[in-house]
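Asker: Sequence:
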Amino acid sequence: MDDHLSTSPYNFRRTQSCRVTNKSSSSLSRRGTQKGCSRSKSTRRGGAVGTISSLSFGQKQALTTSWKILKSQSSAVFRKIFLELEIASPKVKQIFYKAALVDAFNKEEDNRATLDVHLKLLTRFFDEILTSFDDEEECMRKIRQIGSAHAVLNRSCSFTSDIWEKLGEIAMERVCTHESVQKTREASRAWRTFIAIIIDEIRGGFEGELRQQRKSSSTDQIDLVKNTEEEEEDLRVKLQQLRMDFNNTLPYS
Numbered sequence: 001m002d003d004h005l006s007t008s009p010y011n012f013r014r015t016q017s018c019r020v021t022n023k024s025s026s027s028l029s030r031r032g033t034q035k036g037c038s039r040s041k042s043t044r045r046g047g048a049v050g051t052i053s054s055l056s057f058g059q060k061q062a063l064t065t066s067w068k069i070l071k072s073q074s075s076a077v078f079r080k081i082f083l084e085l086e087i088a089s090p091k092v093k094q095i096f097y098k099a100a101l102v103d104a105f106n107k108e109e110d111n112r113a114t115l116d117v118h119l120k121l122l123t124r125f126f127d128e129i130l131t132s133f134d135d136e137e138e139c140m141r142k143i144r145q146i147g148s149a150h151a152v153l154n155r156s157c158s159f160t161s162d163i164w165e166k167l168g169e170i171a172m173e174r175v176c177t178h179e180s181v182q183k184t185r186e187a188s189r190a191w192r193t194f195i196a197i198i199i200d201e202i203r204g205g206f207e208g209e210l211r212q213q214r215k216s217s218s219t220d221q222i223d224l225v226k227n228t229e230e231e232e233e234d235l236r237v238k239l240q241q242l243r244m245d246f247n248n249t250l251p252y253s
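First residue of the sequence shown? That's 1 in UniProt numbering, and the numbers climb one at a time after it.
A portion of the hints provided could be inaccurate.
[As the list claims (entries may be wrong)] Using 30 Å as the maximum straight-line C-alpha spacing, the simulated DSBU-like pairs for lysine-lysine come out as follows:
hint, residue 1, residue 2
1, K215, K68
2, K60, K215
3, K142, K93
4, K215, K142
5, K183, K91
6, K71, K91
7, K142, K98
8, K142, K120
9, K98, K60
10, K80, K68
11, K71, K215
12, K80, K93
13, K120, K215
14, K93, K60
15, K80, K215
16, K71, K142
17, K91, K120
18, K68, K98
19, K60, K91
20, K60, K71
21, K183, K98
22, K183, K71
23, K166, K93
24, K98, K80
25, K120, K68
26, K166, K215
27, K142, K166
28, K215, K91
29, K166, K183
30, K166, K120
31, K91, K142
32, K215, K183
33, K183, K120
34, K183, K68
[As the list claims (entries may be wrong)] Across the chosen pairs, the derived CB separations fall in these ranges:
hint, residue 1, residue 2, range
35, N106, Q61, 38 to 44 Å
36, K60, T160, 28 to 34 Å
37, A76, Q212, 35 to 41 Å
38, E179, A104, 33 to 39 Å
39, S56, L101, 42 to 48 Å
40, R79, T51, 28 to 34 Å
Calculated from the structure, these hints are not laboratory results.
Small disclaimer: the values here were computed from a predicted structure and weren't measured.
Glycine included, C-beta positions come from ideal geometry on N, C-alpha and C.
Please build the complete structure, drawing on both the sequences and the hints.
Answerer: Laid out in structure tokens, this is it:
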């Protein structure tokens, strides 16, 4: 969540399953694999998450209506979500702490990795997604991009896919119990499904990028071994030629 660690316009980082930890705990598993996405074993529980297009007109309407009310308090709600995530995953707290230290010495521009900037980016993210339901492909691209942009944290900070799942659980609990969402049963159900879809796609983007990085790293290692072998063979040939040249210069006995 360093500035150089995240290239997404939102700078967040897809969960296969999102469990709500209240009494009506439910489990949502991820849908079939898309290109560049993967599925973890833990998300094969329960039914399919679905896609943006699987949301009914009533659900989409409930989402946009409740968001208009929730948006004014989004910063406080999202802060609670991230603070709970820091408790559940100390790695996240360390990442935000490091970002805050860097930000203290960099006043020229906003550090996208800090918690405060994440709150603004998350609000902007929901604004854009909730107003572009008609273009599902673009919605999914933006969501997956968040995951892929955070894949770099896997190596530098041991950021894993489980963190996305935990984020989904906490977000469901906080958002679905907010008064603006609790006004109608349809809104609560819609947000639960919507968050599951978002986390599912974010995690897919995250895991897809990790696979690409590992594949690239593996290819680089193969090329390195191949180049080393070629260099050794070239050296062997040159040494052999030197011996032949040397022997040819010796006087006849």
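Asker: Please go over all the hints and tell whether each is borne out by the structure.
Answerer: Status of the hints after comparison with the structure:
1. Distance hint between K215 and K68 is unfulfilled; the C-alpha atoms sit about 43 Å from each other, more than 30 Å.
2. In summary, the hint linking K60 to K215 is not supported, as the alpha carbons are separated by about 39 Å, beyond the 30 Å threshold.
3. This hinted pair checks out: K142 and K93 have alpha carbons roughly 25 Å apart, not beyond 30 Å.
4. Proposed proximity of K215 and K142 is supported: the alpha carbons are some 23 Å apart, at most 30 Å.
5. Using a Cα cut-off of 30 Å, the hinted pair K183 and K91 is violated, with the two alpha carbons roughly 35 Å apart.
6. With a C-alpha separation of about 28 Å, the suggested pairing of K71 with K91 holds against the 30 Å cut-off.
7. For the hint pairing K142 with K98, the CA-to-CA distance comes to about 26 Å; that is within 30 Å, so the pair holds.
8. For the hint linking K142 to K120, the alpha-carbon distance of about 16 Å falls within 30 Å, and the restraint holds.
9. For the suggested pair K98 and K60, the alpha carbons sit about 38 Å apart, so the restraint of at most 30 Å is broken.
10. For the given pair, K80 sits about 19 Å from K68 by alpha-carbon distance, which is consistent with the 30 Å threshold.
11. Distance restraint check for K71 and K215: the Cα-Cα separation of roughly 41 Å exceeds the 30 Å cut-off, and the hinted pair is therefore not satisfied.
12. Between K80 and K93, the direct Cα distance comes to roughly 13 Å. Compliance with the 30 Å bound is thereby established for this hinted pair.
13. Using a Cα cut-off of 30 Å, the hinted pair K120 and K215 is violated, with the two alpha carbons roughly 34 Å apart.
14. With a C-alpha separation of about 33 Å, the suggested pairing of K93 with K60 is violated against the 30 Å cut-off.
15. With a C-alpha separation of about 37 Å, the suggested pair K80 and K215 falls outside the 30 Å cut-off, and the hint is violated.
16. A hinted pair counts as satisfied when its Cα atoms are at most 30 Å apart, and K71 with K142 qualifies at roughly 20 Å.
17. About 21 Å separates the Cα atoms of K91 and K120, which keeps this hinted pair within 30 Å; it holds.
18. Restraint check: the Cα-Cα separation between K68 and K98 comes to about 33 Å, which exceeds 30 Å; the hinted pair is violated.
19. A distance of roughly 34 Å separates the Cα atoms of K60 and K91; the hinted pair therefore is violated under the 30 Å criterion.
20. The suggested pairing of K60 with K71 holds, with an alpha-carbon distance near 16 Å, which does not exceed 30 Å.
21. Proximity of K183 to K98 is assessed by CA-CA distance (about 39 Å); at most 30 Å being required, the pair is judged violated.
22. Among the hinted pairs, K183 with K71 is consistent with the structure: their alpha-carbon atoms are about 15 Å apart, no more than 30 Å.
23. A distance of roughly 14 Å separates the Cα atoms of K166 and K93; the hinted pair therefore holds under the 30 Å criterion.
24. For the hint linking K98 to K80, the alpha-carbon distance of about 19 Å falls within 30 Å, and the restraint holds.
25. Among the hinted pairs, K120 with K68 is consistent with the structure: their alpha-carbon atoms are about 16 Å apart, no more than 30 Å.
26. Between the alpha carbons of K166 and K215 the distance comes to roughly 27 Å, so the proposed pair stays at or under 30 Å and holds.
27. Proposed proximity of K142 and K166 is supported: the alpha carbons are some 21 Å apart, at most 30 Å.
28. Proposed proximity of K215 and K91 is supported: the alpha carbons are some 25 Å apart, at most 30 Å.
29. Simply put, K166 and K183 have alpha-carbon atoms about 25 Å apart, close enough for the 30 Å limit, and the pair holds.
30. For the proposed pair K166 and K120, the alpha carbon gap of about 21 Å is at most 30 Å, so the pair holds.
31. Between the alpha carbons of K91 and K142 the distance comes to roughly 25 Å, so the proposed pair stays at or under 30 Å and holds.
32. Of the supplied pair hints, the one linking K215 and K183 is violated, its CA atoms being roughly 48 Å apart against a limit of 30 Å.
33. A distance of roughly 25 Å separates the Cα atoms of K183 and K120; the hinted pair therefore holds under the 30 Å criterion.
34. The straight-line distance between the Cα atoms of K183 and K68 is roughly 13 Å, inside the 30 Å bound, and the hint therefore holds.
35. Take N106 and Q61: their Cβ atoms lie about 42 Å apart, and the range 38 to 44 Å holds.
36. Remark: the range hint 28 to 34 Å for K60 to T160 is upheld by a beta-carbon distance near 32 Å.
37. For A76 paired with Q212, a C-beta distance near 37 Å keeps the hint of 35 to 41 Å intact.
38. One distance hint, 33 to 39 Å for the beta-carbon pair E179 and A104, holds here, with the actual separation near 36 Å.
39. Between S56 and L101 the C-beta distance comes to about 46 Å, which sits within the given range of 42 to 48 Å.
40. Taking the beta carbon of each, R79 and T51 are about 29 Å apart, inside 28 to 34 Å as hinted.
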